[in-house]
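K.L.:
Listed below are the residues making up each chain.
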Amino acid sequence: MAQIELSGIERVFKLGDSEVHALQELSVSIERGEYVAVMGPSGSGKSTLLNLLGLLDRPNAGTYRLEGRDVTTLSPDEQAEVRRTRIGFVFQSFHLVPRLTAAENIALPLMLAGIPPVERHTRVAQALQDFGLEPRAGHRPEELSGGQRQRVAIARATIMRPAVILADEPTGNLDRSTGQDVTHLLEELNASGVTLIVVTHDPVMGGRARRRLMMEDGRLLQDVREPAPA
Amino acid sequence: MTPADTLRFATRAATGYPLRTALMVLAMSIGVAAVVVLTALGDGARRYVVNEFSALGSNLVIVLPGRTATGGLGLGNLITSTPRDLTVRDAEALLRAPLVTRMAPLSVGNSEIAWGGRLREAMVVGTSGDYVDIRAFRMAEGSFLPREDLGRAAAVAVLGTKLREELFGSDPAVGRMVRVGDRRLRVIGVLGKTGQGLGMNTDELVFVPVATAQAMFNTNNLFRIIVEARSREAIGPAKQQLEDIMRLRREGELDVTLITQDAVLGTFDRILGALTMAVAGIAAISLAVAGILVMNVMLVAVTQRTAEIGLLKALGATGRNIRLAFLTEAALLSLAGAFTGFALGHLGAWGLRLAFPVLPAWPPDWAVFAGIGTALTTGILFGVMPARRAARLDPVQALSRR
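Same order as they appear, the protein sequences are chains H and Y.
Using the numbering used here, you'd call the opening residue of the first sequence number 4 and step up by one each time.
Using the numbering used here, you'd call the opening residue of the second sequence number 16 and step up by one each time.
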């Protein structure tokens, strides 16, 4: 059984009188631990796909099975629970809470999950260590560099040990070398078994993925698989 | 999300925007402080008047010439023309009522008092020897007016303590002859310090026998008759007896007004109580305004933090988590405002007491609770709408906002 199974997904937005088909007849399945790049021009529906995968959006038609469970019919609270425990988000613009320190930002998902402060503290400390953020723990986002911010965001995305990481242009706001660092970081996580799905414009980054979904006009144009590098 | 975390998160959010939070707290605190100070003022005035009346003596029925249809103290008492004078004979007749213990007629006029080249205006009160007991005055020197026939115009006077000081200074006063108007009177006593009483400062009065005063002012009329009933419970029946006596003396027509201290006190109590409520109501309006401000501020906060709300949703926050966080923030702002206002209000009341020592300007407990309660309820009520709006935000759109 695939970890993620999309079948016959449709997503239609109404813009005034006209209807925009952001996703059409999309069927795709992704196995546990895969490294997938979703690529395509702007407006091809790749962000919509990512939002659907992250349960931030609902399809108009079709079914989405995550780990064998149909998640499209869940109530909003149940979906929140799935997001909290199974999915980690990494955004292009980091989306850190400006008034909270790096450590507090990383602790946010733990806090939302109601994990007791003592355990929270040890887990955050571990994450800070893993991502080399220890000296920056008490700094607020505005005092961090772009690369550091994205590392905080990735630490936050992984603190709940999710099954899937969804990254939307994770290197889009970073220069080449920090972008590469972040890419490596995500790939390391993938190597440890987490499914990694990256939306990107960047052909270099897309080229690193073992599987590429090429989108255009809301349809899946190409599904390219490469054998795992030796 | 545990309640403690919600509280901590909301606190961080509130303190994360210090200027906004400070202004909000200020607005709320002004509302609460206004309630506290204004009710302190109103209630202080009420207590002041009540105290003044209690200082008058106890179990008193006051008889004044003229008739008003309604009981209590009305405008009519002040302006009715007197069909028949209230005389000393009337006063003596009132003593026949079985429930009456003491009586003092009052005849009042302005005159000058002079001794040893010093001269000043003074209010002269003609009364009887019982007056000192009815009002429970103490004598500083000598004795009060003699208890004798009310028709006897003895040439004696009793001075208030301030008047005595101004006229005689350190010289002894008792036994001296003073000139009051065109008469020479012997000072037989000086009253102890009594302070203010109903606008008439007893310390500045000259007391003379009622017949002396009436001769001095060339009148048969009495200003008031003060009657003391046997007990508090006897006030009502005593009033009835007094009315019967007066009616008999006036061929069945009651052309005097009897007011009991209770009635006067009750009237003032009611008037000033209503006044306090009115100012509290006006102050409460500012609380409602502050409540709307809370709503405005929270709505702005929701807009400002749209991306954050989207993020929280992406991280798995439920609608309830977000609603509670924003509601807690609104409650915290109101709470801080309410307690700052409480402190400010008490500071203001303290200032009032300092500026006007005679006014017992303590805010009543009910007003304090009502003020803080209203602040909290309006703050939280007006926080509901922004919180719901935050919880309903679409995460996709919220996240796309930068």
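Hint data in this document are derived by calculation from the structure and do not stem from the laboratory.
Misleading hints may appear alongside valid ones.
Stated by the list, open to error - Covered stretches of chain Y (in silico footprint by chain H; criterion: 3 or more residues with CB under 8 Å from a CB of chain H, positions within the stretch not fixed): (1) 16-29; (2) 312-326; (3) 329-343.
Model, not experiment: these values are computed from the prediction.
C-beta atoms are modelled at their ideal positions from N, C-alpha and C, and glycine is treated no differently.
K.L.:
Could you work out which earlier hints the structure fails to respect and list their numbers in ascending sequence?
P.N.:
none
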